[in-house]
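**Q** Assembling the complex is the task here: the two chains are given apart, and the hints tell you how they should meet.
These protein sequences, in sequence, are chains A and B.
My numbering applies: residue 1 is where the first sequence begins, and numbers increase by one.
My numbering applies: residue 1001 is where the second sequence begins, and numbers increase by one.
Treat the hints as calculated values from the structure; they're not laboratory data.
Using N, Cα and C, we set each Cβ at its ideal position, and we do this for glycine too.
Hints are all accurate, no fakes.
The calculated label-pair distances, taken between Cβ atoms and stated as ranges, are:
#1 B:A1295 x A:D57: 19 to 25 angstroms
#2 A:H107 x B:S1265: 24 to 30 angstroms
#3 A:V61 x B:S1266: 32 to 38 angstroms
#4 A:H107 x B:R1310: 52 to 58 angstroms
#5 B:V1223 x A:A142: 53 to 59 angstroms
#6 B:P1238 x A:S46: 36 to 42 angstroms
#7 B:S1265 x A:F29: 27 to 33 angstroms
#8 B:V1223 x A:D57: 37 to 43 angstroms
#9 B:F1287 x A:A77: 40 to 46 angstroms
#10 A:D57 x B:L1304: 20 to 26 angstroms
The calculated SDA-like cross-link candidates involving lysine to any residue, where the alpha carbons are at most 20 angstroms apart (straight line), are:
#11 B:K1272 x A:D74
#12 B:K1293 x A:R169
#13 B:K1293 x B:R1243
#14 A:K188 x B:S1266
#15 B:K1272 x A:S39
#16 B:K1272 x A:P72
#17 B:K1293 x A:G135
#18 B:K1106 x B:Y1042
#19 B:K1293 x A:L170
#20 B:K1081 x B:R1054
#21 A:K188 x B:S1265
#22 B:K1272 x A:S76
#23 B:K1272 x A:A73
#24 A:K188 x A:A157
#25 B:K1272 x A:V208
#26 B:K1272 x A:L160
#27 A:K188 x B:L1267
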Amino acid sequence: MSRAALGALLLALALRPAAGQLVTVGPQFALADYREVASGLRYRGSGFGGSLWARRDRLSVEAAVVRLSLDPADGSAATTGFTATQVDAWVAYDVAAYASVEVGVLHRSADPEFDAQSVGAVRVGARSFYEIGPGATVVFRANYLAAPKFSGGGRAAISLDLGLGLDIRLAGRLHGTATYAFNRMNRKTNPGGTGEIDAPIQASLARVGLALGL
Amino acid sequence: MARYLGAVVCFAGLAVPALGAAQAGQNATLRRAQQAYDNLEYRQVLTLARAALRERLTGAERARAYELLGFTYGAMDSILKAVDAFKQLVLIDPERQLDPNRVSPKAYSAFDVALRQVLLVRQLRVDSVSFVGGQGAVPVRFTVTQPARVVARAIGTGGTVVIDSGAWNGQVNLRWPARLAGGDPVPPGTYTLVVDARLGQNTFSASQPIRVSHGRVDTVPSVTSLPGYQFLPETEIPPQSWRPVGLAFLYTGGALVGTLGLESSSLGSGSKRELGLVGGAALVTGFVMMLRKPAPRPAAANILYNRLLRDQIARRNQDIARENVARRQQVQVTVAPVPQVTPK
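Extracted from the complex, chain B is given alone in its bound form (with noise of 0.2 angstroms):
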């Protein structure tokens, strides 16, 4: 008993919080049943709940109702009238999920249960995306709760268009290339995503509108670079040398043994002062070079590297004016959800 009453005040602590935000503006009946659901008054909530269920509610307070009598049901160990109300919870709201870090784990294994056993087709949704017709799919996914037939299909301006058919259960995927059955896209307008899924008798539909608008598809502008390439600068500063001094040394001193070597013996030694004063400024000027900034010069091999690379640009270019050639043929399709008015 006293395990029992344990049980019953955590699920209680962690239930109340979800339940407690609905209530304003509900059915008399039903809002006592949530205030005994508060007072931890089981008994009561059964029969009130299920009195407000005979009596006129709208689809949230029917929806709310099930939930009530789901929990106490959970609360007071019996799981198969739990699971028998949170059918009729998401039969009326198949879209209801409940947290699990909020509920208590048996109330959630319940409504887990009563998933598997009712065929819903849940958590329709549909990505907003956009892409060049023919090259892009738009990704539809739902759960389906049950092991069914189910069909998708778009239906709007351009008529009916089968998405995909098969035998699913669980989490779906589906890639819809939104075109028709010639290949060309589907017209622009709203559209609506349906859906649906057959077990035997039993059948469930999921709908989402969507919007498809078409656009010009963007042409690819020009590069005038490469990536991870750059243009190398074509000249080079030789780094600073001994080699003007040095050069103007070697031609002066050529001179000089020139000279001496062909002075004749017997017209004697001849007058150094024009070969001084020439010689002189030359080994000056080859000092003054060698403190100076090198002149920048020719680099051979980045030349030829700038000129590889602006023929590489010259051909991608040629590529995306072809590539563009084509992409003014082409039509961007823009497909959008519209949002749903989900009922209170």
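If we strip away everything but chain A, and leave its shape as in the complex, we get (with noise of 0.2 angstroms):
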């Protein structure tokens, strides 16, 4: 089959509306900035990853990974960039038909490893939704990172991530999905137990996708 047969079967298979569409995939495009321990360190970049959620009667699962190329920003002091994979995941309960309890993980692994903090941490929060339109969703999410763990060391007490997320059904079972998301961390470390010093870490991530609703 030709590339170009192939390419006509997917988008037709696309544009077919899916009777009772539970789960989506899809590649996503992603803008990120990220900043640690002060001001003066602060990268930005982009990236590629995708995204897949499911849902069944109440609970609904979100997954999305995204490999970032960040390079240091404007006026930033550094002077290399890095490049990290983030994973969030989250299982989500709805409580009403507009609210749901979640929970998940995020991780973020930076390489090289030592360019930046690679961090890994549960979710838990809340989310709030609404179908604004036929096929169009809004979504607003604040969770709580516990229990941070850091490559680096330290600890966080307060870690929070805040989230927007839109979801527009574009023809049949494509849509369209554009999410952000910011989280800050007053990670605090003890070097050389000299005493602990603020090492706060801060970032926002924009992703862009297609979505195909199976």
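**A** And the structure:
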């Protein structure tokens, strides 16, 4: 089968409406801003990833992975960039027509390993969603990032993650998605036992993509 | 004298149209009597009509002769003789009726008096009717001209069935259920409905043939709707509103406020590029959705109403099914009068 024929077949499948759509999967393009320790250490970049969403009755699962190439921003003290891979996952349960409680994980790893902090945390929070029109849903979420672990050590008693999401059914099974996430971790370290110092981490991430309903 | 002549002319003018039609083929003497009446030669009418009655006449001719006598005596103010002539007329033709708009009041009142002095059963009528056996009746009506003991019977295939009896006078209306003594419908066939009236030694009978037929009772079809009730749409399109853009603004605003609130002062103000991209998309989507026709949503009240209506229809159909079982065991009785050939 030629590439053109395969492309036409995939497009036809994508534009065909699905009866009970419970799973969507698709690629994403991402933009990111990352800051660490002080205002002088900031990075900006972009990358690609994918997302998966599934629902059964009141239970829904969402996962997204993105690989970002982050470079020092203008005026940054950093001299080299790094690559980050971020994985987000949520399991949500609808408690009302417009609200869910959710738990999940956040894991961001940096490569090279010591160019930025790798972090892993458990998410606990809630989200609100509303269908603002036929096939268009907006989502707002707020998560507490519990028990974060950092590759460089330290702790962060207050770590929060906010999110804004949009899902639009473009045609048939084809959806357009856009999500925004901002997280802030009040990391404190105690290098050499000399006392705790602040080493906050702040990241914002926008993902725009398409998803195919299955 | 002038008043007498005026009355005669008036009466003759009214009566002539009623008499002229039946002259063709009449007895010659009777025809001459009719011509004399048309010429207002009343003495000659009396002579000729009496002479005609002594001849061999058909029933209709005899009735015509007495009618001529009645009109003529009425015109001559001989009311008692007019009454006698009309009595003979109604005995020959009990169904004879005078049109009060076409005959003189004197003749009409004489005819009316004559009717009251003779025992007759007139205008026996049976209406065509169809009903489920045991659930309807055949309307029967007739007029008895004098207070008399009257018995109405149906005589035919199923034997003789007494419809009703009593002492009646004037207009009588009966309802015959067309059932045998056991309660079963009378068998199909031709019956003669006979009304006998007796007053002392005087008797009179009138009859009307009727045909009774049996058929199957129509079953009732199931219903798909109830009169006056209609199914309502189970979805409704909400009115257009600013809600989509309002919610998009609210959610985006929440994310913006949250981001601004969480930003670390030591890290400086972060990039708003990511939020601008997604928030802008949400606001544009909300604006577009505000302009679009809203999606239909379930109308809970209508759904409940439709469910109740469906239950009612199902219940009604169950009743109909039960009723149809009973109807299949019943007989549709149809009764129709058989036209009688009236004597000329």
